[in-house]
Amino acid sequence: MSQIKVQLYSTLREKVGKGKISIDARNIKDALKKLENKFGDKFREELYEKGRIKNYYILLLNGRVINVKALSQIKLSPGDVLHIIPPVAGG
Amino acid sequence: MPKIKLNEKDMEVDKDISIFELKSRYKRKANLFIYNGGVISELQAKSIKPKSGDSVVLIRKGEVPSRKELESLMAARHTPGVHEKVKKATIGIAGLGGLGSHVAIALARIGIGKLVIADFDVIEPSNLNRQAFNVDQIGEIKVKALKTNIRKVNPYVKVESHRVRLTERNVPKIFKDVDILVEAFDVPKDKTMLVNSFARRYPKKPIVMASGLAGYATSNWIKTQKLGNSLYVIGDMKTGAGIGQGLMAPRVGIAAHHQANLVLRLVLGEEK
Chain Z
1 MSQIKVQLYS
11 TLREKVGKGK
21 ISIDARNIKD
31 ALKKLENKFG
41 DKFREELYEK
51 GRIKNYYILL
61 LNGRVINVKA
71 LSQIKLSPGD
81 VLHIIPPVAG
91 G
Chain U
1001 MPKIKLNEKD
1011 MEVDKDISIF
1021 ELKSRYKRKA
1031 NLFIYNGGVI
1041 SELQAKSIKP
1051 KSGDSVVLIR
1061 KGEVPSRKEL
1071 ESLMAARHTP
1081 GVHEKVKKAT
1091 IGIAGLGGLG
1101 SHVAIALARI
1111 GIGKLVIADF
1121 DVIEPSNLNR
1131 QAFNVDQIGE
1141 IKVKALKTNI
1151 RKVNPYVKVE
1161 SHRVRLTERN
1171 VPKIFKDVDI
1181 LVEAFDVPKD
1191 KTMLVNSFAR
1201 RYPKKPIVMA
1211 SGLAGYATSN
1221 WIKTQKLGNS
1231 LYVIGDMKTG
1241 AGIGQGLMAP
1251 RVGIAAHHQA
1261 NLVLRLVLGE
1271 EK
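These protein sequence lines are chains Z and U, in that order. For the first sequence, position 4 (counting from the first letter as 1) is numbered 4 according to the numbering used here, and the numbering increases by one without interruption. For the second sequence, position 202 (counting from the first letter as 1) is numbered 1202 according to the numbering used here, and the numbering increases by one without interruption.
If you're looking for bench data, these hints aren't it; they were derived computationally from the structure. Model, not experiment: these values are computed from the prediction.
Here are the simulated EDC-like pairs of lysine to aspartate or glutamate, each with C-alpha atoms no more than 20 angstroms apart in a straight line:
no.: 1; chain 1: Z; residue 1: 54; chain 2: U; residue 2: 1168
no.: 2; chain 1: U; residue 1: 1223; chain 2: Z; residue 2: 14
no.: 3; chain 1: U; residue 1: 1189; chain 2: Z; residue 2: 49
no.: 4; chain 1: U; residue 1: 1238; chain 2: Z; residue 2: 14
no.: 5; chain 1: U; residue 1: 1226; chain 2: Z; residue 2: 80
no.: 6; chain 1: Z; residue 1: 18; chain 2: Z; residue 2: 80
no.: 7; chain 1: U; residue 1: 1009; chain 2: U; residue 2: 1071
no.: 8; chain 1: U; residue 1: 1189; chain 2: Z; residue 2: 45
no.: 9; chain 1: U; residue 1: 1027; chain 2: U; residue 2: 1063
no.: 10; chain 1: U; residue 1: 1005; chain 2: U; residue 2: 1054
From the derived model, a few chain Z residues whose C-beta atoms are all more than 12 angstroms from chain U:
no.: 11; residue: 3
no.: 12; residue: 39
no.: 13; residue: 40
no.: 14; residue: 44
no.: 15; residue: 45
no.: 16; residue: 79
A virtual CB, placed ideally from N, CA and C, is assigned to each residue, including glycine.
Please put together the full structure from these sequences, using the hints given.
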């Protein structure tokens, strides 16, 4: 179990009312589960659709884009930083 | 002998030579005289003899400057050494809407070496409230129309255009030679597809993304942030396009120019 920092952006941050959180987790899937437990339905409804992360979310671990299909395989180390970014429409 | 700037070049000219005589010597076909920033008549050009520190520009109306002339004008206008780096850069632009079309024009204006532009769409009347196209281009293919507009700004920028719907599969191939990729899509899932696809294949190449630029809220909310090792996000990250928050030229243009300026800073090594 590692303590990591999580940064939430945009609509996700507005929904849960917080932008920076520290949590203990083993891997990314576990980290998302902890966030779900902490923030409940607001977090779940914003991030997931039919049990999957919505297709427009960008996840970065320590600045690198991560594959959302292999979340349980991405192990965490103390001090890791996870960014969860939902881009908004417009261009 | 007076040291003047003639067509942005420093040079020494004969004492008591008139501006009109300079034209006969350096640009015979010129028919417009600009002296220290102001237009003067032919009669005035015959009587004014430039002194040290003066600036004289001789122009032939409607003439397209040669590559060499345009480059020397840019080199003189930009900070020394800047143009050398800018003209070697290759920049990819994914999507040619309000963001992409303006990023392309801004980079062409500063003499970027090469642009790789991609979009599948045609110009619709509703695009004109924010995109760098004209009324007489409605119905034209965007990549083709933008190439025309870029040529009108700077005919010496190389443009590689792709009329294609960008997908996870073709993104790495189309943008394989770019130094920096600009994300300029409208729909969030397309933005994410581009970032994921490009970053997985080229993790060290910068991606300049935009998010949150709709409506007419204060422009001071729009900022440039580095979120990943190579991912930059521009915008207020909250104002999405929707009912009551349309996409309009001012805010979209501000975000586009943030993107273009970040590209420039990355090219110049000002951002790590």
